[in-house]
Structure formats: structure tokens, C-alpha cells
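Visitor: The primary structure of each chain is shown beneath.
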Amino acid sequence: MNVILANLLIGISFGFILFLLGTGLSLTMGLMRVVNLAHGALYMFGAYVGLTAARYSGNFAIGILAGGLSAGLLGLIMETGFLRRMYKQEMSQVLLTIGFVYILTNVTQWIWGPIPQSGVIPEFLSGSVPIGNITIPIFRLTIIAFGLIAAAVLWLFQEKTRIGAIIRAGMDNREMTMGLGINLKVVFTGVFALGAFIAGFCGLIGAPSLGINLGVGWDALLLAMIVVIVGGTGSIQGALVGGLVIGLVDAYGKAFFPEFAYFTMYLVLIIILLFRPSGLMGRAMQ
Amino acid sequence: MNKANIAGYAGTSWRDWLFAYAPYIGIGIILLIIPAFISTYFQSLLTKVLIFAIFAMSLDLILGYTGLLSLGHAAYLGVAGYTAGLLIARLGLTSFWIVAPAAIVMAGIAAAIIGYISLRVSGVYFLLVTLAFGQLLSVVAVKWRAVTGGTDGLVGIIYPDFGIPGLTLTDTNYYYLVFIAFAVCFFLLYRLINSPFGKALVGIRENESRMKCLGYNTWAHKYIAFIVSGLFAGVAGVLFAPFYGIMVPGHLGLMTSSSVMLMVVIGGAGTLFGPVIGAIVVLLLEHFASIYTPERWPLILGVVFVICVLFIRGGFGFHLSKFWSRLRIRYGNAES
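Note that the protein sequences, when read in sequence, are chains Z and Y.
Residue 1 is where the first sequence starts when you use our numbering, and the numbers rise one by one after that.
Residue 287 is where the second sequence starts when you use our numbering, and the numbers rise one by one after that.
Okay, chain Z solo, but in the shape it has when bound:
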């Protein structure tokens, strides 16, 4: 019973990290049909910048924000300088974003060195609280609370604001949206930068689960991809459902089949692809 409860919390908190990771990718894929393979690298870069900022300022929140802003800025440069010229050319986009992964990873190594960073969790979050007869790390509870707030904000943004309506319209019918006099170019730039911002923002938050090292970019990308495929692209709900499903599957997988822990999420991926290729909450594909 305790195992089930404890893993439920671990799974949900990991699920919210996955949700944050997946949303950015899902937004850019749904609206722009751009697959940003540098999403994980932006996450990694955000984590490094965030950690450094948090160390210098002594404030964890500033660190998280700095990570988000730095990645968002990089996203802005990527979109306006490069990606904008190659919409609808998937192969070019893929190579371009992979190129950015190599560049970002190597620059990160240049600045911070090849050794993984440690000392990620700040003091005031490192304790744990007993609930009933299990103890829960405060950090996990904070992530859950934080994830809920982020999900609510993003959902309100997408469903209740004008910009959100434009984004949804752009996903459903690009030509019609442009025909209504909306400058989708600007919206694309904004959405891409927002996706990058969320990735970088997530960097420090996900650090206790994923670590901060040079390989984490690929790990994060892979997790984000699985979340997007399982949940379906183009909606906050999809990323949330996908993230929670994968988070829970991973937590219980690790608890009950530690040998095959890594593969349980692939099992979910395969089942989804075989029986519901558009994802659990997906819009119809293409």
C-alpha cells in the first residue's frame, strides 16, 4: 500500500515535469508543424544557466526564471534567424535543429566543463514531510503544486485569451487564419520562443529527477517526444495527460520491474501507436 502511494506521488511529480517538457514541443509541432529537436538542448542550456544564476543570486526562483529567459532568447534567435526560412521543409528543419543541439551542447561543455553539476536542490526544499506513515520529499510536493499552477495558466492562456484562440485557429486551418488578417509569422515566432522558454524554465525544476549534465538534452528530448506522441500534439490537455501517464508508468515500472524500468514507457508508446496513432488526446494528424 505504501509503495503504491509513494510511487503515486513520485509518478505525479515526474509527470508534471514531463508535462512541462512536452508542452513546448507539442505547441510548436501542433501550430508550426516544426519538429524542434533542439528542445532538449534548450532544456539543458536553461538548466545550466538557471543553476549558475541561482548560485550567484542565492535565489532559486531567479534561477528558474533566468533559465527560461536564456532558452527563450535562444529560441527567438533560432526562429527569426533560421527556422523562418524553411517552413514546410521538414528535412531542413531536422538538420538545422540537430545542428543547434551539437552547437549548444558543445558550447555548454566549453563554458561549464564536462562534469555533471551537483547540489541542485536548494536547502529550504530539501527536507521531507511525513504524511501518514510515508515521508514525502518537499521538493516533489513543490513540483506538483508548481505543475498544477503552470498547467492552469497555460490552459487559461490557450482557451480563454485572444492569442490562445489565434493559436488554436492556426492549428486547425492556417490559410483561413491568415485570411482573417492575422500575422501568423509573428505568432509563430512568439510560440516558438514560448516553447523554448518553457523548456528552459523546466531545466532547474527537472534537475533533481533528470540531473544536469551534457547528455540530459537528449534524454529530455526523448521524454518530451514520448509525451507528445502518447498525449497527442497541439493541446495543453494532451501534454498533461501524456506526461502524467508516462510519469506514473515510469514510477510504477521502476518500483515493480526495476530491470525493465526504462522500457515500460516504450511499451506504452508502442501500444498507443498500434491502437491510437493520433495520441490519447490528439487532434487528427495532418
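Keep in mind that the hints are not guaranteed to be accurate.
[To be verified] Subject to a maximum C-alpha distance of 30 Å in a straight line, what follows is the list of computed DSBU-like cross-link-like pairs (lysine-lysine):
{"hint": "1", "chain 1": "Z", "residue 1": "K185", "chain 2": "Z", "residue 2": "K160"}
{"hint": "2", "chain 1": "Y", "residue 1": "K608", "chain 2": "Z", "residue 2": "K254"}
{"hint": "3", "chain 1": "Z", "residue 1": "K185", "chain 2": "Z", "residue 2": "K88"}
{"hint": "4", "chain 1": "Y", "residue 1": "K498", "chain 2": "Y", "residue 2": "K485"}
{"hint": "5", "chain 1": "Y", "residue 1": "K334", "chain 2": "Y", "residue 2": "K608"}
{"hint": "6", "chain 1": "Y", "residue 1": "K429", "chain 2": "Z", "residue 2": "K254"}
{"hint": "7", "chain 1": "Y", "residue 1": "K334", "chain 2": "Z", "residue 2": "K88"}
{"hint": "8", "chain 1": "Z", "residue 1": "K88", "chain 2": "Y", "residue 2": "K429"}
{"hint": "9", "chain 1": "Y", "residue 1": "K334", "chain 2": "Y", "residue 2": "K429"}
{"hint": "10", "chain 1": "Y", "residue 1": "K608", "chain 2": "Y", "residue 2": "K485"}
[Claimed, not checked] Away from chain Z, derived, C-beta distances all over 10 Å, residues of chain Y:
{"hint": "11", "residue": "I311"}
{"hint": "12", "residue": "P387"}
{"hint": "13", "residue": "Y411"}
{"hint": "14", "residue": "D438"}
{"hint": "15", "residue": "R496"}
{"hint": "16", "residue": "L517"}
{"hint": "17", "residue": "F591"}
[Claimed, not checked] Computed from the model, here is a short list of chain Y residues facing chain Z with C-beta under 7 Å:
{"hint": "18", "residue": "I399"}
{"hint": "19", "residue": "I403"}
{"hint": "20", "residue": "L405"}
{"hint": "21", "residue": "R406"}
{"hint": "22", "residue": "A418"}
{"hint": "23", "residue": "Q421"}
{"hint": "24", "residue": "V425"}
{"hint": "25", "residue": "V428"}
{"hint": "26", "residue": "V551"}
{"hint": "27", "residue": "P584"}
{"hint": "28", "residue": "L585"}
{"hint": "29", "residue": "L587"}
{"hint": "30", "residue": "G588"}
{"hint": "31", "residue": "V595"}
{"hint": "32", "residue": "I598"}
If you are wondering where the hints come from, they were derived from the structure by calculation, not from laboratory data.
We put the beta carbon where it would ideally sit given N, CA and C, even for glycine.
Given the structure of chain Z, go ahead and fit chain Y onto it with the hints provided.
Guide: Here is chain Y on its own, set in the frame of chain Z:
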């Protein structure tokens, strides 16, 4: 334009014939005699180029001709390489006639399974799914230490044995083996691409719904192309494992998959010799960069990726083939 020309064969004039086949014959002769003139060091670089050329051509069949964006192609190279490695290093079965078919068939089986699942989605989703499966296999290679040797790699993969008395594989002989395999693969892929099946694949790339309306079973075409492509990647894998002497999980993963994709795109997707040129360019770049700045090689590679997509649209192969056909029209009385 008659049928023979459509199929890519030369017309009746000897000049046409010369212009159609001169590049192949010329390159073939150069590759055949070059080991006599270069150091063993460059000979091994050339062997590597030819192995990757086979690999890149196999990817081009689905990427360039069928329009399937696969970013997990290293999986089939890796499966064949690991199979060959396991047979040679672990089981001591060094006969080429057992190792090669077994490894190629394993690569085909892997492609059949992964293709069946990933062809349920298309476009960039296909890319994500193939990428995920490539990474899955590389994690299997990391975790299944007992069989694969984990991150230390599968070591001790020696050259296979041909069972012909008096013939032992030296480095030079291995170069010729790779050269023959390359020539055979090139010929087979050339025939495949110029066959009705190959033309149907191009049709699917250009307009899948129209091909469906014409009565083609496009799913089956894509699936078969995917498996065939996996088989050819398997050929590259069989040659790859003894050449390196070691298989590591990275060979299955994204680094290999993305650099072979770069080869195809640099050289020109949708041409058969484009990937060969791409393999030469990327491996030479890698070679010189890793001599001068091994630390910054990924940075240079990244910049190469960006420059390529910005400036070399269509790839070197595309421009070269345009140049060649201009020569053909001017001097060779070719119709097209």
C-alpha cells in the same frame, strides 16, 4: 523519349552510352587501383567512406526516394553490426557465409518490426517514432551487458573468414571486399530505383493520395521500401563491425543516425550517388576536424549542419548531376 531512356539506359549511340556510364566506370576504376597509390591510413579512411556510402544510400531509398523521414536508421546498421559481432567475438563463428546473411536478416527483421509500428504515423511523427526506437535499441545495448558488453562495447570483432584456402583478409583485401559490396549495392539499388516499384516510391513521395487513387497500395510500398532499406543498412553494418573491431551503443543511436542523414542531405537526397558524395564530404570533414580540434568537433559539425541547410539546397549531388546532364546534352546527343 522511349522506354529505354526512361529506365535510365543509354540510347543507341556510343556517345550516349559513354556519357551514361563514364562516371560509374571512371569512379570504379579509380577505386579499384587507388590502394596501390595511397598509404594504409588513407586506405582505411576510404574503406570507412565506402561503408558509410552504402549506409547513406540505404537511407536515401526511404528518405530521398520515398519521402519517409527516418531518424533511426543507425538501428539497422547497429543490429547487423552487433549480430555479426556476437557471432564472431562471442560464438567464434567467423565464416563470412554464416555471419553476413545472419546479420543482414536480423537487420531486416528489426526494420520489419519497427517499420510496422512507425508507419502508422507520417511526416514528423514518423521521424519522432523512428528516433525513439533507435534510442530504445541503443539503451538495450547499454543495459544488456551480458550480451552486448554495455557501454564498454562488444570487442574483439575480427575479420570474417571466407573459407577459401589461401585467402586471408588483410586490410587491403578488406578494402576490396567493401568495394565489391559497395558496387553490388549500388547496382542493386540502381535497378530497384529505376524499376516500376522505384517509380511508385517516387510517386508516393510526390503525392501519396494520388498514388492511392491510381490503385497503388501505398502502405505496402512504403513498408517494403523500409525493410529493403533496413537490409542494405544491414550490409553496411556487417562490414562496419569487423572494420571498427568494436560495437558500442552509440553506433545505434542518434549521433550515427543524424550524421548519415546529413550525408544524404549534403550529397543530395533522391539521387543515388548524392549520398556517396555526402559520405565523402562528412567523413573527410570529421577526419580533419578530429585531427585539429577533437574537443570542438561537435561544434564544427553543428555549424556544418546549419550552413548546409541554409546554403546547399538540394545537395552537391543535385548540382553535379545537373552539370553532368548539361555536358550530356551538349556533347552526347542525349534527348533529355
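Visitor: Confirm or reject each hint.
Guide: How the hints compare with the structure:
Restraint check: the Cα-Cα separation between K185/Z and K160/Z comes to about 22 Å, which is no more than 30 Å; the hinted pair holds. Annotation: proposed proximity of K608/Y to K254/Z is violated, straight-line Cα distance about 56 Å (limit 30 Å). As the CA atoms of K185/Z and K88/Z are separated by approximately 13 Å, the hinted pair is consistent with the 30 Å bound. A threshold of 30 Å between alpha carbons decides the hint, and for K498/Y with K485/Y the separation of about 14 Å falls inside it, so the pair holds.
Between the alpha carbons of K334/Y and K608/Y the distance comes to roughly 28 Å, so the proposed pair stays at or under 30 Å and holds. Between the alpha carbons of K429/Y and K254/Z the distance comes to roughly 14 Å, so the proposed pair stays at or under 30 Å and holds. With a C-alpha separation of about 34 Å, the suggested pairing of K334/Y with K88/Z is violated against the 30 Å cut-off. Note on K88/Z and K429/Y: the hinted pairing is violated, with a Cα-Cα distance of about 38 Å set against a maximum of 30 Å.
Restraint check for K334/Y and K429/Y: satisfied, since their Cα atoms lie roughly 28 Å apart, inside the 30 Å limit. Of the supplied pair hints, the one linking K608/Y and K485/Y holds, its CA atoms being roughly 20 Å apart against a limit of 30 Å. With a least beta-carbon separation of about 32 Å from chain Z, I311/Y lies farther than 10 Å from that chain, consistent with its non-interface assignment. P387/Y, annotated as away from the interface, keeps every beta carbon of chain Z farther than 10 Å; the closest lies near 28 Å.
Listed as a non-interface residue, Y411/Y fails to keep its Cβ farther than 10 Å from every Cβ of chain Z; the least gap is roughly 6 Å. The claim that D438/Y is not at the interface with chain Z holds, since no C-beta of that chain comes within 10 Å of its own (minimum 17 Å). In this structure R496/Y is separated from chain Z by more than 10 Å, as the shortest Cβ-Cβ distance comes to about 16 Å. For L517/Y, the condition that its CB be more than 10 Å from all CB atoms of chain Z holds, with the nearest at approximately 23 Å.
For F591/Y, the requirement that its beta carbon stay farther than 10 Å from each beta carbon of chain Z is not met, with the minimum near 3 Å. With its C-beta approaching chain Z no nearer than about 10 Å, I399/Y sits outside the 7 Å limit, and its interface hint is violated. This hint holds: I403/Y has a C-beta 5 Å from the nearest C-beta of chain Z, less than the 7 Å allowed. This hint is violated: L405/Y has a C-beta 10 Å from the nearest C-beta of chain Z, more than the 7 Å allowed.
Contact between R406/Y and chain Z, as hinted, is supported at the beta carbon level, the nearest pair being about 4 Å apart and thus within 7 Å. Against a cut-off of 7 Å between C-beta atoms, the interface hint on A418/Y holds, since the closest Cβ of chain Z lies about 6 Å away. Nearest Cβ of chain Z to the Cβ of Q421/Y: about 6 Å, under the 7 Å cut. The hint holds. With its C-beta approaching chain Z no nearer than about 6 Å, V425/Y sits inside the 7 Å limit, and its interface hint holds.
The closest approach between the C-beta of V428/Y and any C-beta of chain Z is roughly 9 Å, which is over the 7 Å cut-off, so the hint fails. Taken as an interface hint, V551/Y checks out: its beta carbon lies about 6 Å from the nearest beta carbon of chain Z, inside 7 Å. Proximity of P584/Y to chain Z holds as hinted, the smallest CB-CB distance being about 4 Å (cut-off 7 Å). Annotation: L585/Y was flagged as interfacial toward chain Z, and the flag holds, the nearest CB pair being 4 Å apart, inside 7 Å.
For L587/Y, the shortest C-beta to C-beta distance to chain Z is roughly 5 Å, which falls under 7 Å, so the interface hint holds. For G588/Y, the interface hint holds, since its Cβ comes within 7 Å of a Cβ in chain Z; the closest pair sits about 3 Å apart. Because the closest C-beta pair between V595/Y and chain Z is about 4 Å apart, less than 7 Å, the hint holds. The restraint placing I598/Y at the interface with chain Z is violated, with a minimum CB-CB distance near 10 Å, outside the 7 Å limit.
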